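One line per chain: the protein sequences are A and B, in this order.
FYI, the working numbering numbers position 132 of the first sequence as 132, with every residue one higher than the one before it.
FYI, the working numbering numbers position 314 of the second sequence as 314, with every residue one higher than the one before it.
Honestly, the hints are just simulated from the structure, not real lab data.
Hints should not be assumed to be uniformly reliable.
Treat identical chains as interchangeable: a pair holds within one or across any two.
Said to hold, decoys possible - Below, computed lysine to aspartate or glutamate pairings styled on EDC-like, alpha-carbon distance capped at 20 Å:
id, residue 1, residue 2
1, K225, D154
2, K138, E160
3, K126, E61
4, K225, E83
5, K138, D86
All values derive from a computational prediction rather than experimental measurement.
Number of protein chains: 2
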Amino acid sequence: MQAAPFHPPQRTLMGPGPSDVPARVLAALGRPTIGHLDPEFVAFMDDLKRLLQHAFRTANELTLPVSGPGSAGMETCFVNLVEPGDTVIVCQNGAFGGRMRENVERSGGTAVMVMDRWGDAVDPGKVEEALEAHPEAKIVAFVHAETSTGALSDARGLVELAHRHGALAIVDAVTSLGGVPLEVDGWEIDAVYSGSQKCLSCVPGLSPVSFSPSAVEVIRGRRTKIQSWFMDTNLVMGYWGSGQRRSYHHTAPINALYGLHESLVMLAEEGLEAAWARHRRHHLALRAGLEAMGLPLFVAEPVRLPQLNAVSVPEGIDEAEVRRRLLQDFDLEIGSGLGELAGRVWRIGLLGHSARRRNVVLCLTALESVLGDLGARVQRGVAVPAALAVLDR
Amino acid sequence: MQAAPFHPPQRTLMGPGPSDVPARVLAALGRPTIGHLDPEFVAFMDDLKRLLQHAFRTANELTLPVSGPGSAGMETCFVNLVEPGDTVIVCQNGAFGGRMRENVERSGGTAVMVMDRWGDAVDPGKVEEALEAHPEAKIVAFVHAETSTGALSDARGLVELAHRHGALAIVDAVTSLGGVPLEVDGWEIDAVYSGSQKCLSCVPGLSPVSFSPSAVEVIRGRRTKIQSWFMDTNLVMGYWGSGQRRSYHHTAPINALYGLHESLVMLAEEGLEAAWARHRRHHLALRAGLEAMGLPLFVAEPVRLPQLNAVSVPEGIDEAEVRRRLLQDFDLEIGSGLGELAGRVWRIGLLGHSARRRNVVLCLTALESVLGDLGARVQRGVAVPAALAVLDR
Chain A
1 MQAAPFHPPQ RTLMGPGPSD VPARVLAALG RPTIGHLDPE FVAFMDDLKR LLQHAFRTAN
61 ELTLPVSGPG SAGMETCFVN LVEPGDTVIV CQNGAFGGRM RENVERSGGT AVMVMDRWGD
121 AVDPGKVEEA LEAHPEAKIV AFVHAETSTG ALSDARGLVE LAHRHGALAI VDAVTSLGGV
181 PLEVDGWEID AVYSGSQKCL SCVPGLSPVS FSPSAVEVIR GRRTKIQSWF MDTNLVMGYW
241 GSGQRRSYHH TAPINALYGL HESLVMLAEE GLEAAWARHR RHHLALRAGL EAMGLPLFVA
301 EPVRLPQLNA VSVPEGIDEA EVRRRLLQDF DLEIGSGLGE LAGRVWRIGL LGHSARRRNV
361 VLCLTALESV LGDLGARVQR GVAVPAALAV LDR
Chain B
1 MQAAPFHPPQ RTLMGPGPSD VPARVLAALG RPTIGHLDPE FVAFMDDLKR LLQHAFRTAN
61 ELTLPVSGPG SAGMETCFVN LVEPGDTVIV CQNGAFGGRM RENVERSGGT AVMVMDRWGD
121 AVDPGKVEEA LEAHPEAKIV AFVHAETSTG ALSDARGLVE LAHRHGALAI VDAVTSLGGV
181 PLEVDGWEID AVYSGSQKCL SCVPGLSPVS FSPSAVEVIR GRRTKIQSWF MDTNLVMGYW
241 GSGQRRSYHH TAPINALYGL HESLVMLAEE GLEAAWARHR RHHLALRAGL EAMGLPLFVA
301 EPVRLPQLNA VSVPEGIDEA EVRRRLLQDF DLEIGSGLGE LAGRVWRIGL LGHSARRRNV
361 VLCLTALESV LGDLGARVQR GVAVPAALAV LDR
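For reference, chain A alone in the conformation it holds in the complex (with noise of 0.2 Å):
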């Protein structure tokens, strides 16, 4: 039997997560394993739960860290608060809408579909449609920050039309938690999700969730059964809830959550609006550099993300080749589009760790680089000054 150690190369991660990991939280993850039930890893887990709060501007109790990806604590969110019979609005407007819906029906509850353009934010004059013709709605899901085009949506305005209607809301903010303004206490927000892997740049593999109160109500009130029994709240809150006391739900991922941990203090050693403005410092710059070479961003001003830029690709430009000469020429990762867009944008991201200043410049040269072999034509020399003077106006 042929087995060798795994080497994996040194890249700068510049697609839609993971994002660039601090030495930091990978020397945290290699820290001593130590049981899931020791005392010490309990303390532990109060402290990251604060954090968690913190991050998340909340003092829901029902917050902790889902022991999968993102796409699990998203079905955690829809698998404890829908039943067999609920009708959900779902607004799509991007790729992740789409799961959400899955994860409706898989749940037994009807998906009423809010639709806008990829690469829009989330129209909220068709979402009160929706609720008025659907007074039976339980619940509306979105899509916060959309990881698949680079668009914003009004939360906050979202929340407070689906409370108008007396649905709960669900968000998603797998990409929005560390890099933009999330408020979840502030804006009422009834169950949320996030990733570790985006801009709170801790590795993949663990998702943010809070509840809150009335969501718990709502949970406790159920009819019906969690489908469930690993996202099953009522059982995961016997080890996660306060007090010294735990039950013994599932072994947690306890080095994962090391690392977690320490990209949550770095994140609260910065401060979590001098993380926003670091993240849309650096976006201002990027944009900048991609302007001057003649690179146009997708989404339209006044609801573009800083942490993911979509940037349209050059007509007559393979841009999987792009890809592949950055990743081999440069180590630089950047994302492809999804969905509809695919072909059609790439996907930038300054998510956490990688909205650095050596980022921004090593991207722009690369890009000009490349693009300049392939013949495209981009205006050669200009993008890194250009970008250079918004990070030191």
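Since the structure of chain A is provided, determine the placement of chain B on it from the hints.
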């Protein structure tokens, strides 16, 4: 916002898992994160799958690590194979059979329970009776190595029995994989799941699973949609299937997979048979020491697991106080009893990397010291020599 890095204590892990994690595996966790669609990562996935197939002794194409803990792997097996209305014979001889029942019922199936005493193996006679009484049964599900008691069941015989009655077999190999013989192809197991943090000595958080071609056929022929989007093997295989073309399903837990890969490389280097023999040898040594001290094992010899040893708590001893002192004075973790064995046994794990001479000696020495201090009637000074005599035989 107060925030400080977490520095865990350095424990010796001899509970029911997580087990001691070798330095090589901890170091692998901290290697540079790369993208889940990076060509280097795709090649790595193929190698990881090959190593998993080796550990499971299978050629099953549908062999992969579920991106969640063992209970997510369990649920993956049940939600893919059980449809509403299906009858599943669930064997319960400890805590985890009960969890299987939950999985069957939440998938809309009917669980026919075959109950055995905690600490006994599953009784094939009772399973046969259940199969005769329920000719409609689609699946027989049982735990190979019961982590809650330390009893080993005859997986080969039970699978044969299921097949003779036209049923599939789902096998819980969470604690057996890597510790005792497990032959997924040789025994014709249809679906099997395990955990990373037991005899593989990786960190917790991943669940290797494997499905036979017959199981895949049953999944393909379902009348209803799989209730979990996250666990739907039809979708997951778009990412974990063969070839260079992988479609994104969810972001893989990259760094955790580095750790699992390293642990499987170590297993391949040692050899599966050698790993089984090492578990058995250290178990016999631990047993000799415990018996010399006057501490009997709870499970009868013929069905006793080497890697998980349930030890009867002496009369009048507060078992929790013993564990507290072992942790405090020796940084040694052993497990408590679960469910109906709570307070009656300790569970001493010799899982994976914990099946070492130094662990056996530390555990016996520490137990002798703590039990002596608490006034238990244990023989002093005989346990370690008895254990070493076995190891040096």
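List of violated hint numbers, smallest to largest: Numbers 1 and 3 - these are the hints that the structure violates, sorted from lowest upward.
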